[in-house]
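The sequence shown maps to residues -22 to -1, 1 to 91 in mature numbering (1 follows the signal peptide of the UniProt record, and there is no 0).
These are computed hints drawn from the structure, not numbers from a lab.
Computed from a predicted model, the values in this text were never measured in an experiment.
Among the hints, erroneous ones may be present.
Pairs of lysine-lysine residues, derived as DSBU-like cross-links and limited to a Cα-Cα distance of at most 30 Å, are as follows [what the hints assert, rightly or not]:
1) LYS91 / LYS43
2) LYS91 / LYS23
3) LYS91 / LYS74
4) LYS58 / LYS91
5) LYS88 / LYS71
6) LYS23 / LYS58
7) LYS43 / LYS88
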Amino acid sequence: MNHMKRVLFALPLLVMASSAFAAGLAVTNNSGLPIDELFASPAGKGAFGANLMEGIKEGALDDGKTATISELASGTYDLKISAPDEGVLCTIKDVKVDGAALTLTAEQGKACK
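The whole structure should be built from the sequences, with the hints applied where relevant.
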């Protein structure tokens, strides 16, 4: 019986730990553009990695929507966004990311139009 108590105690800890690792980054798109690709580079480095939106079910992140994408460590980044329906590919510089959430603003979207 003591073994069962240990398992029941450890199970919630395991679930919480796996949730933390799978959390990803919640991106809210208030840019005014539908975005289908998002790339990040440490600010000023120009070393953009893979598309962070790869694998989201929606395919594109419409304006006003939020999606969870690949995890991105806290820091300051240059973001490259692609909105092909609008014919837009632009870089937004010095965006602060807190590791859990990122909101793309209308002001940032205007800079891309």
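Handout entry: Ascending list of hint numbers which this structure does not respect
Key = Structure breaks no hint.
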